[in-house]
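The whole structure should be built from the sequences, with the hints applied where relevant.
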Amino acid sequence: MAQYLGTVKLGGFYNNGAILKRPTRPWRIDSTPPGASDYGDIPSMSGSMANYTFGNTPSDDANKLQWVKIKDGDKTLLICDRVILVNVSWDDLNGQGYVTGKTVIIDGAKYKCRLLTGGSNYRNGDSYAGGSPTNNEWDRFITREEVISGLPAPVSSDLDTNQNSTDFNSAHNKFWNWFYVYSWCQETYSGNASYRAIRGYFSARNYNWSTSSSRYAYCGFRPVLEILNTDPLISDSDRNLGDKNQNFAIEYTVDDADSGDVLAATESIDGRTTKSFAPTRNFKNTITVNVRELSLGPHTVKVIVTDGQGGTATRTWTFTRVNSAPTISGSDTNLGDKNVGFTYNYTVDDADGDEVTVVEKLNDEVLRTVNNAPKGEQLSVSITSEKLYALGLNTVNNLVISASDGQGGTTYRRLTFKRTNSAPAISGQDEDLGQQTGSFAEKYTVTDVEGDNVVVTEYIDDKQIRSYQATLGQEETIELSRENWLVLANGDHQLRVEAVDGNFATSVRVWNFSKKETVIAFQFAQPEETDARATKILITPTWHIEGSVAKVEACNNAFDASPAWEDITAQVAINRVYNFLNQSKTAEKWGVNVRFTIEKNEGYEGEVSISGFGGAYE
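Numbering-wise (the working numbering), the sequence shown opens with residue 581 and increments by one.
Hints were generated in silico from the structure; no laboratory data involved.
Cβ coordinates follow ideal geometry from the N, Cα and C atoms, glycine included.
One or more hints might be untrue.
Between beta-carbon pairs, the in silico distance windows are [as the list claims (entries may be wrong)]:
(1) Lys651 / Tyr708: 26 to 34 Å
(2) Thr854 / Ser729: 34 to 42 Å
(3) Asp835 / Gly597: 33 to 41 Å
Dropping the structure here:
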């Protein structure tokens, strides 16, 4: 019986070494499902699948892959909770070993990366009945035909033949993200050796198939990781050591069944790391606990051992510090990320009325000593911006406040914070500008509190239109030019500004807008001058005019004040030469011009376009 072990965030998906954002709209990228407001945002494969790799867990939570952890017999599986790449074929995945299993390394640990099994056919002639054989992983885990505590079970609407907003918003789909996108599975469809199994899209249980070489916007890669490792062992057992008022020691040994694994141990007290080292197997290790450095109350001593392959063991001992000591308000905590100076306020007290000496330290540097500190009154320790910026970027720092009563009682308040870089700021806010009718511009200003060099890049959709080094505080303009406006397709678009400082902190400002034009009309900017009257013309456009009315006109006296435009649409439609009827002009010279008018039919939502045309005249 399989066991659900929760969800984890692990690793990232990279293209040519660049991290890909985890999809937040994990459905097909060319259509909007019922209940959703936009197309999906799953990355689309470009180039070779060999460029796509799994790698270490990124710092940005939005880029971390999410997995459902399942213990299945002697295997531990991490099943991705969504498709992470579309427009990728089964053959693309198989060519890189991802169908039946490829070893990948994430955060130093080895995993076998593969596809789910989904069955070689559907059941009883019904594609909505699930896969066959029934012991495939898709139906066992995602459809939860094997009852596994903790995993969501699909309801009837998740399994029926209707596709609607109920499916999109269901708890089961929000957990597994199967709606409106297929997932490739391992098996060859038994009905045709050229086809491979795909699951999901129409229902949680739906079974379908596609040619192994096909690449579609609605079919993609949902990876599975098999953990290739056994966990380390720590002697003793988790236990409570009782009350403590004197220093004491804890002894333990470590071991690992995988002889080649490199072990790393971390000892901590109350979450504060006291020692990190490479332990020797079956060697006695000793943790000495200085009780007088700890505050009154319960405490936790913990040892964590990792094997570099994803395996982890933890041993926990608890005890209670019972001797009297001064008190410091608040609790040991992580103050979070800091990019400007800050102040921490606290009070001290002593139940016995003893004089209290307070010492404030930053990373073992004494900032201040307060003798006979006032009890119950607010004290403040300040970290100036100057002192903060002197700390290493992205370092974790310790701010320790100690209160001693001169009688052997000492209390500590241990605070941590991370010195971070603040991202550049872009004025304004993201906006939806609605439907636009032509070129336009938006103004913005870039600033950076640390005065870092900032590179700004402007985009229309994903096309770069400008990149420059910002002058901080200077107003800039992003412009959608006439040329760029003309090549935009009807639909939703965005102007985007990205500001990146020298430490790679990034800010983005987005202006969304839409374009809806139903008429394409154009002609030569300047007529083509001819030595004599043109008598014939051939025009061959490259266009897509289904759902529209197209008209093509030409004239041979284009320099006249009122040229004699002649309708050549019929000849263009059959790729034939048109013979000019006009034989006169009022201008000094003859010239040829061509104009197009293409008007989309009302209610037609398909593409109407012209990408160019060729032709000749004589």
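List, from low to high, the hint numbers that the structure doesn't satisfy. As far as the earlier hints go, not one is violated by this structure.
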